[in-house]
Amino acid sequence: MFFRNSIYAIALSLPVIAGNAAAQTVSIGTNPQGSLAYAVGAAISKVAIEKGDVQMRVVPQGGPNVVVPLVNAGELEFSIADSNTSNSAIEGTGEFRRANPDLRVAAVLLDLYSGFMVRADSDIKTLEDLKGKRVASDFIKQATVHENAGAVLATVGLSFEDVVRVPVTDGVSGVEDFETGNVDSTFFSLNSGRTLQADAALGGTRVLPIADTEQAAKQLAESRAGAWVTVLQPDPSFPGIAEATPVYTAAFVLLTSKNVSDETVHDVVKAIYENKPALEASAGAFSSFDPAQMKRDIGLPFHPGALKFYAETGN
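With mature numbering (1 follows the signal peptide of the UniProt record, and there is no 0) applied, the sequence shown covers -23 to -1, 1 to 292.
Just so you know, not all the hints are guaranteed correct.
Unchecked claim - Distance condition first, Cα-Cα at most 16 Å in a straight line; then the derived EDC-like pairs of lysine to aspartate or glutamate:
(1) K110 with D154
(2) K272 with D88
(3) K28 with E251
(4) K235 with E52
(5) K28 with E257
(6) K235 with D79
(7) K253 with E27
(8) K28 with E240
(9) K102 with E220
Hints were generated in silico from the structure; no laboratory data involved. A quick note: this is a predicted structure, and the numbers were derived from the prediction, not measured.
Please model the entire structure based on the sequences and the hints provided.
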């Protein structure tokens, strides 16, 4: 009960844009500030309030292994996670100790790109070169990052036992340790604002490529269901990509619970679908958002309220 009350105490301390004061307030749990999940969650909250008449507060509580079970338990109404993490959460595998069967997908938002980053002038050129180097690990409040990073290392026959592990709290703290020189490399989302900040502070970074092979893709799919390899081209939005680079990819998903009302989910999804410009203005990652792909099949069950809206749009 203390944990639940503490979550809502945090939520109530956060600012909320004025709207219908009589409406029920719902909460969206995210990773810490500086993460892509927080930026995406804050953007969704803003359009939900301004365009959907849904009072929504952002609760930056921790990584998916912390926040997602709270959605299943009904202590939060929404959260953000990637597709493979969502699958693990529902099944109770990987970083999740028990199944979360009440989780439902509200919307598929965009693709999340992640990778091991090093300084631009580092002599670490490949994933194999990480052997014996100081690498951020554990990600205590964001175990998903540790699992994803381990899956990428496994594509070249390595594990965290082959590197010098430097435990960190979450993905953002891993990037902070990387920026200050406490680690030689860390794994995190390339879409993240904190990653962009580190790239600027260090005068450039470089992302280590995954092998763009059927074998690597198969290994990822087996260890992290719903993950795949994408070859990114140089783009200012993606720090560390100076040439075509294969990276770890998963869909970023808005999760909810089957116990959240159809009306609430319908209205939130509708606000997202109809307001890409507003979303992009709040979080640049939404530049790649395609509303027509919100009902993309990722092998996970959708919420009835979301399905009702997609049916209205002909999807």
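Quick rundown of the hints versus the structure:
no.	hint	in the structure
1	K110 with D154	14 Å, holds
2	K272 with D88	14 Å, holds
3	K28 with E251	9 Å, holds
4	K235 with E52	13 Å, holds
5	K28 with E257	14 Å, holds
6	K235 with D79	5 Å, holds
7	K253 with E27	13 Å, holds
8	K28 with E240	14 Å, holds
9	K102 with E220	13 Å, holds
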